[in-house]
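Sequence order for the protein chains is S and W. Per the working numbering, the very first residue in the first sequence carries number 1; after that it's consecutive. Per the working numbering, the very first residue in the second sequence carries number 184; after that it's consecutive.
Think of the hints as simulated: they come from the structure by calculation, not from any bench. This one's a predicted model, so the numbers in the text were calculated from it and none came from an experiment. C-beta: ideal position from N, C-alpha, C; glycine also. Among the hints, a few may not be true.
Claimed, not checked - Incomplete in silico selection of chain S near chain W, CB under 8 Å:
(1) Asp-22
(2) Arg-112
(3) Ala-140
(4) Met-151
(5) Tyr-155
To be verified - Away from chain W, derived, C-beta distances all over 12 Å, residues of chain S:
(6) Glu-60
(7) Asn-72
(8) Arg-80
(9) Val-108
(10) Asp-109
(11) Pro-119
(12) Asp-130
(13) Ala-132
Stated by the list, open to error - Straight line, CA to CA, 25 Å or less: simulated PhoX-like cross-link-like pairs of lysine-lysine:
(14) Lys-163(S) / Lys-236(W)
(15) Lys-208(W) / Lys-75(S)
(16) Lys-243(W) / Lys-208(W)
(17) Lys-232(W) / Lys-243(W)
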Amino acid sequence: MEIIDRLLNARCLRRKISDNRDRLYGVALAWSGEPAVADDLVQETLMIALQRIHQLRDEERLNAWMYTILSNCWKQYLRRVRPTVDIDDVEICCEGDAEAGCSEQEVVDHVRHAILRLPAGQRQTVTLVDLAGFSYAEVADILDIPIGTVMSRLYTSRQSLQKVLANFRTTQPAATGHLRRVK
Amino acid sequence: MSKTDFRIERILHAYVDGELDARTKSRLLIQMENDEPARARACELQRTKEWVKFSFEGEKAPTRTLPGINWRLRHTSPFHIAASLLIALIAFGAGWGGRSITEDASQTIVLNTSRNEAPHVILHISDADESRFVKVLERTEQILRQYRNTGAQIEVVANSGGLDFLRTASSHHINSIKRLIAHYDNVRFIACSRGLGRLRELGLDTTVIEGVDAHAPAADHLIERLTEGWTYIRI
Chain S
1 MEIIDRLLNA RCLRRKISDN RDRLYGVALA WSGEPAVADD LVQETLMIAL
51 QRIHQLRDEE RLNAWMYTIL SNCWKQYLRR VRPTVDIDDV EICCEGDAEA
101 GCSEQEVVDH VRHAILRLPA GQRQTVTLVD LAGFSYAEVA DILDIPIGTV
151 MSRLYTSRQS LQKVLANFRT TQPAATGHLR RVK
Chain W
184 MSKTDFRIER ILHAYVDGEL DARTKSRLLI QMENDEPARA RACELQRTKE
234 WVKFSFEGEK APTRTLPGIN WRLRHTSPFH IAASLLIALI AFGAGWGGRS
284 ITEDASQTIV LNTSRNEAPH VILHISDADE SRFVKVLERT EQILRQYRNT
334 GAQIEVVANS GGLDFLRTAS SHHINSIKRL IAHYDNVRFI ACSRGLGRLR
384 ELGLDTTVIE GVDAHAPAAD HLIERLTEGW TYIRI
């Protein structure tokens, strides 16, 4: 029975890994700013996770483990491909009805732009905490940095983001947003 | 910003991130009741946090297949996996001298793979029957010849009594195994590490033939391969 249990468990874990695609994609998009790159990073992450699932000792850590893989893929990508597009050359435009909720869309564009301008370490930290919802300890573990560094990065990155947001005094965020970045 | 301000700032960050313990949190809440700037600061931080979340939340990743999982499971139906697993269970649990699941009278190995897929086969032996091991070697070589240059992968896994054939102290097939390993780079012989450990405890020589892997328990390895969709043949 132990063998059956383990086999079923492995299949269940595989499903959980695949189900994480959208969440990983959001974070990968925040790190890279490029939908195609984010898609490739997530695909690579899922494939590595599926291949190395037997290395996961504690299932509770599945989520954090997958973001660790994503972070490693991102590091490898940065080593492999130097950024060739100046972030200031990247135009961000809205899809859909431009008039409806335009002010929110405008803020979203600027927040995204501001996040992309953060140093890579700060960008990773702030998105892992604010977007993926990890604790400081988990982020320290994922990025392999001390908790103090996590806190410092959060402090600095939020200072930068607040400067951007200070220019916007808008109403509540809309329920959904559809963005597309074009060069 | 003074050191105290910086400390308070960090506490406020920890507050909006839900990192404070109950006691620190209650102290902060009381302090904020009389501290308008601290309240405003906490609100600002919360607002920033929400915007970061909102700006990327709800993004849908493009749909893509996952070759890492589908490629291996594609050529194996759930029934095939279940059948293979059942045989493995019987083999381990009851010491059943089962027959090969794909053995046929014509002596031709028929593998359940499509034309474009390279077969991945695992042959399993768990007792010290000489005639059976001779059959394992024959089948291994037959498959290797039959599926030459197709990317086929063959693994011979031995546990329990089958380990005798992979130990230098007890095997009569050292040269045959070495020849196969030297001649084909797509064949592996695997000795169960747990079984070898038990033999070691009994004071037996557990040195395996050169080129034989002995790093993992056979059960774990079989499960992994079955999960990946390999064809299981018990001899």
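Hint-by-hint comparison with the structure:
1. For Asp-22(S), the shortest C-beta to C-beta distance to chain W is roughly 5 Å, which falls under 8 Å, so the interface hint holds.
2. Taking 8 Å as the C-beta contact cut-off toward chain W, the hint placing Arg-112(S) at the interface holds, the least distance being around 5 Å.
3. With a least beta-carbon distance of about 12 Å to chain W, the hint placing Ala-140(S) at the interface is violated under the 8 Å criterion.
4. For Met-151(S), the suggested interface contact is upheld, since its CB lies about 6 Å from the closest CB of chain W, less than 8 Å.
5. The beta carbon of Tyr-155(S) comes within 6 Å of a beta carbon in chain W, closer than 8 Å, and the hint placing it at the interface holds.
6. Its beta-carbon lying about 18 Å from the closest one in chain W, Glu-60(S) satisfies the requirement of being farther than 12 Å from that chain.
7. With a minimum CB-CB distance of about 16 Å to chain W, Asn-72(S) clears the 12 Å threshold, and the non-interface call stands.
8. Non-interface status of Arg-80(S) relative to chain W is upheld: no Cβ of that chain comes within 12 Å, the nearest being about 20 Å off.
9. The beta carbon of Val-108(S) sits about 5 Å from the closest Cβ of chain W, which is not more than 12 Å, so the claim that it is off the interface is violated.
10. Some Cβ of chain W comes within 12 Å of the Cβ of Asp-109(S); the nearest lies about 8 Å off, and the non-interface call is violated.
11. Interface exclusion of Pro-119(S) from chain W stands, the closest Cβ pair being 16 Å apart, more than 12 Å.
12. Look at Asp-130(S): its CB is around 4 Å from the nearest CB on chain W, not clear of 12 Å, so calling it non-interface is violated.
13. Consistency note on Ala-132(S): stated as away from chain W, yet its beta-carbon is not over 12 Å from all of that chain's, at 9 Å minimum.
14. Restraint check for Lys-163(S) and Lys-236(W): the C-alpha separation of about 17 Å stays at or below 25 Å, so the hint holds.
15. Annotation: proposed proximity of Lys-208(W) to Lys-75(S) is violated, straight-line Cα distance about 36 Å (limit 25 Å).
16. Restraint check: the Cα-Cα separation between Lys-243(W) and Lys-208(W) comes to about 36 Å, which exceeds 25 Å; the hinted pair is violated.
17. Among the hinted pairs, Lys-232(W) with Lys-243(W) is consistent with the structure: their alpha-carbon atoms are about 21 Å apart, no more than 25 Å.
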